[in-house]
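**Student:** Start from chain A and add chain B according to the hints.
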Amino acid sequence: MSTLFIQQVLNGLLDGVYYLLIALGLSLIFSLGGIVNLAHGAFYAVGAYLTVTLGPHIGFGGALVVSPLSVALLGIAFERGLFQRFYRSDPILSLLLTFGLAMVAEQTLRMIYGAPPRSFSIPDALRGQIFLGDFIYSKYRALLLLIAASCVGGLWFLLQKTAFGRVVRAGVQNPDMVGALGISLKPYMMAVAGIGIGLAGLAGVLLAPIYSIHPAMGQEIITPAFVVVVIGGLGSFWGVVVAALLVGVVKGITIGLGFTQWSTAVIYLMMLLVLLFRPRGLFGERIQRFE
Amino acid sequence: MSDFKLSNPRLSRRQALAGLGVAGAGFIASPSIILAQTPDAIRFGHLTPRTGFLGPLGEFAVQAVDLAVEEINAAGGIMGRKLEVLKEDSVNPQTASTKAERMVERDKVTCLLGEISSASCLTIAQVAQRTKTLFVNTGGNSDALRGESCNKYMFHIESQNSMYVKTCGRSLMSQGLVKGKKWFSLTADYAFGHDLLRVAKRFMESNGGQFAADKLIPTDATDFSAVLLEIRAAKPDLVISNLAGNQITNFLKQYAEFGLTFPVAGFGFDTALAWAAGKGNFGGVWPVVWHHLIDTPGTKKFVADFSKKYGKPPENQAWGDYNIVKIMAQSMNELKSTDTAKIMEHWEKGAKFDVLKTRPGFFRASDHQFMHEMYTITALPQAEVKNQYDIFTSSGPVPGPGEDLEVIATTKEENVCKMA
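Protein chains in written order, with my numbering: chain A, 1 to 291; chain B, 1 to 420.
Simulated from the structure, these hints should not be mistaken for lab results. Take the hints with a grain of salt, since some may be wrong.
What the hints assert, rightly or not - Restricting the straight-line Cα-Cα distance to at most 35 Å, the calculated cross-link-like pairs of lysine-lysine (DSBU-like) are: (1) B:Lys386 <-> A:Lys139; (2) B:Lys352 <-> B:Lys152; (3) A:Lys139 <-> B:Lys312.
With the rest of the complex left out, here is chain B:
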């Protein structure tokens, strides 16, 4: 292309552009490196995916942490010292592990918090165990993390898959959608989905349901039209979603587009994905760990503060990250210590914590799973939707007022945990 008369770029302009580019890249890539560290502060490490298909949820987690830190410092910090949280994008299991290690070794954080991906939880837990640092999982659902991969230094404020399945399952049973019914299930084809499918299948079979079909969906699939044709041909009694992340939004949008009318329910869910589905597209029955319409003083205050700061209500991922920062600060203040062993002992003895619901929750000693109330939400008919956020109605707390909190969790037989 020698005749192509290309203008000779002036060196100065190119340099200026290059300079801008480097500065821009630096600004975007490294917010945590710029963070000044106060020498006397108590530091927590927070890791969660902020890019990739779980990134949308990670943003709520980070915003919730910032809000909690602000409130704690306004109330005097921890033992009179300022609280600082180092926050990083965990990206993938390998990076998560490297960053966790750096936070512990170099930044001397007193504990590690966060995550959404079950796979990253596992690698961070290994760092936690090796360095004897406390790690609290705020978003990884896999039962295996509380079972075969359970770990003395890992606690879970996020509910396990079984709690989600049994919570939503109760609602399905009461609607007569389990016994003798045919389910068409769609499952995200990776660790979380497989774990959820296993738990869902156990629930369905033990309650007399059966699969019309059971399809694994690649995580990068965006088009569901082919699967929708299959669902239509199979005529199931219920369509079950074990999908994850953006898959859920895509599925909801296209299910409405194809006008299918089989009831829909899911065992894994995030409110932000329903908000993203848009007007007239959200349908079905879904379990959540928490949502912004719960009628308790704690939730009302949290939702008001969060909405004021960020201009939108928090979604369920914000709940875990907000509460664990609060629980950790409260525990350290009560114990007057940041010592990992003391905090673990305190929690294992069944210390109770308010988590914005009607009943306080606690970590059960056997697998470190937080025991607390959950909810099922049901999509409102389009005509009753008043704004983009309040698009569902909620069940009361599950388990109900008179019931043991453990009834929705795994039994010791269902999920064997041998703490190392």
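Bound-form chain A, shown alone:
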């Protein structure tokens, strides 16, 4: 195996982490509320555009805190105003709602900021590269990775080790039982929507310096994120994590073998195989109300 091939696999693994920030939120909101949030990518775009707007005033560091929080609040507002009305209805309705929302959001960004992409650069202090033998990685991406990994770790801790997490996990499996115990899931839903959508906003901030910032950027990221959720399996935290890394690695291998043009197609092929042989995803749990 050539060193370039190993580099590609490693790079793919790191790439997978970017999808995670989007995919985890998607999976959480679906598991608890049964809503397939097609507007999730739009919140990612809003996060990036907020960074472009706020960056010059409060710096990248400021935007890194303020943008995701603002997006999270926006998410809570949408959860209270719209999503919560659809928790008990036919999934097709919420699908239509969020699909429409995504379109309205994209066009709104186009009307406010114009169709041409907006510029935003890596802050000078974070520019530069890291060399590990032959492997080269940018300092900025290393930071990105660190932030993303801490968020994933933090979320895991929240869901697995706290009282909050226990209620959320119980709510995913059996909301009726949670209600019978006298716990209202309403504030938990709000919090989950806020966290999930806030993570999408955070991804928007983190990727703004290295990706093109344009009104349709949400569409670009939502599809691979969905693929990750489908491969990983609903309701499984580690399923989504493993799927994101797997998607990254398979992409890396494809490129490493010289088939760059197949690097996007291959993740859909993976999804197809998973749907054929494990329709619930690699680690999907059996969730009674979705069967």
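**Tutor:** Showing chain B alone in chain A's frame:
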């Protein structure tokens, strides 16, 4: 989730929201339907992508058309009649064709203008041929449109891929980056990219260069890190971009991020994408059909008027759409007719038009390609950049003052066009 205490939505509020939503959707989706049509006006149809990955460029095209129409009407219109341009988002080749047909059949437009996507140009050209309507392509670059798919009713003010390649190629030759050099090329994996790669390869091979590698990049790929690792390992003499749309911005940003220092050049380019790359990220040598820093009175006036109206300078896509509306109006006024056959004859005879450059241009009869000067731009070092728009220096016009305008275009042997 029966215990979920959901508040009962009040009907009136829901209705109000639904009403708002419908009204909002209508407002966003159908600006062209609301447009009142003046009975006596002369109408042009304009189609260009306004959403999707070419949408950013389409916005400049539409703004340029509006400016041209304003100026023409202020100067008395066409034969004393008002000019109206119907503008629609062409979306994709199928929709483009449907909309073109509707503009011709229902709205009775005298001609069709616009486009950026080569694939949509092809379907609009088919409508043009069937309905015997003149179509001028303002943004599709593919050589095939001027070759095997050429069409009696289709003209091209946008340059063909060969003109871009030969313009930039000259600059690369003078820097010694072709003969005996290894190129690493990245190509957008769709019709435009493939056509451009074919032309670029022909240029490279006939001038003694060779590929270190040649990679096709999916159009929806946003992350270039894997390709950057490959470039680093291949150690090429030159990195060539045959990319398109947002791909170019992503590539430039990440190339700077990874700190690679191999020279970069490209054969397809739009200024808006360089502006979007941001401070310290734009690099390399690129060909353009026109840019806002050209030192001619025509360009200065156009840039000033455009900047005043829209608060930003026009990018190169605006040039084609602005000029073709002007050329069409000028031709109709001179001929005192909107007759397609007369205009085509006028153009095929080599009528000359000022297009904001040092020399006037003309449509050559053999493939209807507009012959005009082009430019290569080179990124300024970061320290010399004074504002977000003036981020490059320009070559003089290509071809140079004493040269035939046709030297950068395809020869009859390179691109065979049999007009039906």
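**Student:** Now tell me if each hint is right for this structure.
**Tutor:** Quick rundown of the hints versus the structure:
| no. | hint | verdict |
| --- | --- | --- |
| 1 | B:Lys386 <-> A:Lys139 | 27 Å, holds |
| 2 | B:Lys352 <-> B:Lys152 | 19 Å, holds |
| 3 | A:Lys139 <-> B:Lys312 | 33 Å, holds |
Consistency note: the structure conflicts with none of the earlier hints.
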